[in-house]
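Colleague: Given the structure of chain A, go ahead and fit chain B onto it with the hints provided.
In case you want the letters, here they are:
Number of protein chains: 2
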Amino acid sequence: MELDFFNRRATVRRYSDSHHVTDSELDALLEAATHAPSTGNMQLYSVIVTRDADRKARLAELHFNQPAAKGADVLLTFCADVRRFGKWCAARHAVSGLDNAGGRLTAIIDASIFAQQFVTAAEQNGLACCYLGTVPYNIAGFAEALELPAGVIPLFSVSVGYPEEGAPAPEPSDRLPLSAIVSRETYHDATEADIDVYYAHKEQLEESKRFVEENGKQTLAQVYSEVRYPLELNLSLGRQLLEAIQNPEK
Amino acid sequence: MELDFFNRRATVRRYSDSHHVTDSELDALLEAATHAPSTGNMQLYSVIVTRDADRKARLAELHFNQPAAKGADVLLTFCADVRRFGKWCAARHAVSGLDNAGGRLTAIIDASIFAQQFVTAAEQNGLACCYLGTVPYNIAGFAEALELPAGVIPLFSVSVGYPEEGAPAPEPSDRLPLSAIVSRETYHDATEADIDVYYAHKEQLEESKRFVEENGKQTLAQVYSEVRYPLELNLSLGRQLLEAIQNPEK
Numbered sequence: 001m002e003l004d005f006f007n008r009r010a011t012v013r014r015y016s017d018s019h020h021v022t023d024s025e026l027d028a029l030l031e032a033a034t035h036a037p038s039t040g041n042m043q044l045y046s047v048i049v050t051r052d053a054d055r056k057a058r059l060a061e062l063h064f065n066q067p068a069a070k071g072a073d074v075l076l077t078f079c080a081d082v083r084r085f086g087k088w089c090a091a092r093h094a095v096s097g098l099d100n101a102g103g104r105l106t107a108i109i110d111a112s113i114f115a116q117q118f119v120t121a122a123e124q125n126g127l128a129c130c131y132l133g134t135v136p137y138n139i140a141g142f143a144e145a146l147e148l149p150a151g152v153i154p155l156f157s158v159s160v161g162y163p164e165e166g167a168p169a170p171e172p173s174d175r176l177p178l179s180a181i182v183s184r185e186t187y188h189d190a191t192e193a194d195i196d197v198y199y200a201h202k203e204q205l206e207e208s209k210r211f212v213e214e215n216g217k218q219t220l221a222q223v224y225s226e227v228r229y230p231l232e233l234n235l236s237l238g239r240q241l242l243e244a245i246q247n248p249e250k
Numbered sequence: 001m002e003l004d005f006f007n008r009r010a011t012v013r014r015y016s017d018s019h020h021v022t023d024s025e026l027d028a029l030l031e032a033a034t035h036a037p038s039t040g041n042m043q044l045y046s047v048i049v050t051r052d053a054d055r056k057a058r059l060a061e062l063h064f065n066q067p068a069a070k071g072a073d074v075l076l077t078f079c080a081d082v083r084r085f086g087k088w089c090a091a092r093h094a095v096s097g098l099d100n101a102g103g104r105l106t107a108i109i110d111a112s113i114f115a116q117q118f119v120t121a122a123e124q125n126g127l128a129c130c131y132l133g134t135v136p137y138n139i140a141g142f143a144e145a146l147e148l149p150a151g152v153i154p155l156f157s158v159s160v161g162y163p164e165e166g167a168p169a170p171e172p173s174d175r176l177p178l179s180a181i182v183s184r185e186t187y188h189d190a191t192e193a194d195i196d197v198y199y200a201h202k203e204q205l206e207e208s209k210r211f212v213e214e215n216g217k218q219t220l221a222q223v224y225s226e227v228r229y230p231l232e233l234n235l236s237l238g239r240q241l242l243e244a245i246q247n248p249e250k
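Keeping their order, the protein sequence lines are chains A and B. Under this note's numbering, think of the first position of the first sequence as 1, with each following residue one higher. Under this note's numbering, think of the first position of the second sequence as 1, with each following residue one higher.
In case anyone wonders, no lab produced these hints; they're calculated from the structure. Errors might be hidden in some of the hints.
Chain copies aren't distinguished; within one or between two, either way the pair holds.
What the hints assert, rightly or not - Once the Cα atoms are required to be at most 16 Å apart in a straight line, the calculated EDC-like pairs of lysine to aspartate or glutamate come out as:
(1) LYS202 with ASP174
(2) LYS56 with GLU203
(3) LYS56 with GLU144
(4) LYS70 with ASP54
(5) LYS250 with ASP189
(6) LYS56 with GLU185
Just chain A, same shape as in the assembly (with noise of 0.2 Å):
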């Protein structure tokens, strides 16, 4: 097996300033990704390329001016998308029916299918990017500011640019070891001794001791919990995206 590219890519947050991606090359790629599967072949996904510079600048605010967002070359913002079904439909002498949280929910699916074969496709072919799941904080925002209309979700956005001229070659990040995340058969529900196995590795990383010394916190997961990914922020989010989920007029 040929895996190498996938265990050694990695994400890309700063990018050339003098290498652009050109319209063709973004257009091949996303192209590419379409061939993606999808649910039923209905590809109930829609991508905003952001290449203008104010428009840039403010979802890059949008994004807490994460340098990613910043510095992106292109930005694309992935949407879960069940309108243009539905005016298929509608001009076709029928009534969709995903216009509801299960067609909207599967459309979150394909949609994440979707930017996950436009990522590889870019990097395999040289190229940098970086997810920002900074949307659902103000999906009001991202939809205002792309002029997103009811039933087209925001769900992330994607940074995408050559890699900076001199940049190292970006290290592959920790990730928790297969057994954590595989199971046989049946789920394997971890036991204290099981978790103190999964986590060894990321916890004794110099990158997570200096988050926590710097949070002033006494364990990673605390930094997590209580600093990157509290609950009110996720308490938000699910409101949010439930909110556009369920309600038909958004």
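Modeller: Just chain B now, with coordinates in the frame of chain A:
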């Protein structure tokens, strides 16, 4: 750009009876898939490997005995999983902020990205795959068959195998033109004339015309919205997924 693989890939539903995917091949592919990006590198997903013949038969039944499920060499069921992370927090003097709709929706996106990296790695190494979107038709059935505890939501299965010997190379299926999927700067809301253009190719395919005729409908959109993905079905799977997403006990 080298995009032939992506543009030519296709779903394959029939697998070799004699050439089996070994455990070490499967583990290597799953390991490669874990290097997909995930939110905050939290890897909020799990995968259940089904090889046991009886359990495979049971899952195939839950998948309505689709050939890809019945004939799978290995069946993988991908799950959104906030449980492992919660256990880690609990063992480290922290309280997970992810055991709620926000965390679970994030996990759905992470699991989908992980699955697509698996599928690409598998297909690029000569294996054949098929996503089975029928899991949310009966979440409780899959949860019981795979002994999934609270916080682990089954999303879809992927059947995997080597392609059936002597079968013709699968042809890529049709896709909407890129103009249907991609908007520049702001969302392009399709006009009725656009819809005609987007769906013209799909509608004139012999296979599409046969679907319309066999189902006694007037349009392909009616086949999708009245036969394949009707409203009642989507309402049911929306209810099931929303319950799993919103109920901390599930």
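Colleague: For every hint, state whether the structure bears it out.
Modeller: Verification of the hints:
In this assembly of identical chains, the alpha carbons of LYS202 and ASP174 lie at most 16 Å apart only when taken from the same copy (7 Å versus 43 Å across copies). Neither within a single protomer nor between protomers do LYS56 and GLU203 lie at most 16 Å apart by alpha-carbon distance, with minima of 36 Å and 37 Å respectively. With identical chains, the CA atoms of LYS56 and GLU144 are at most 16 Å apart within one copy only, with a shortest distance of 14 Å there and 47 Å across copies. Only within a single protomer do LYS70 and ASP54 lie at most 16 Å apart by alpha-carbon distance; the minimum there is 11 Å, versus 53 Å between protomers.
Taking identical chains as interchangeable, the C-alpha atoms of LYS250 and ASP189 lie at most 16 Å apart only when they sit on different chains, with a minimum of 14 Å there against 38 Å within one chain. For the homomeric pair LYS56 and GLU185, the shortest alpha-carbon distance between copies (9 Å) is at most 16 Å, but the shortest distance inside one copy (47 Å) is not.
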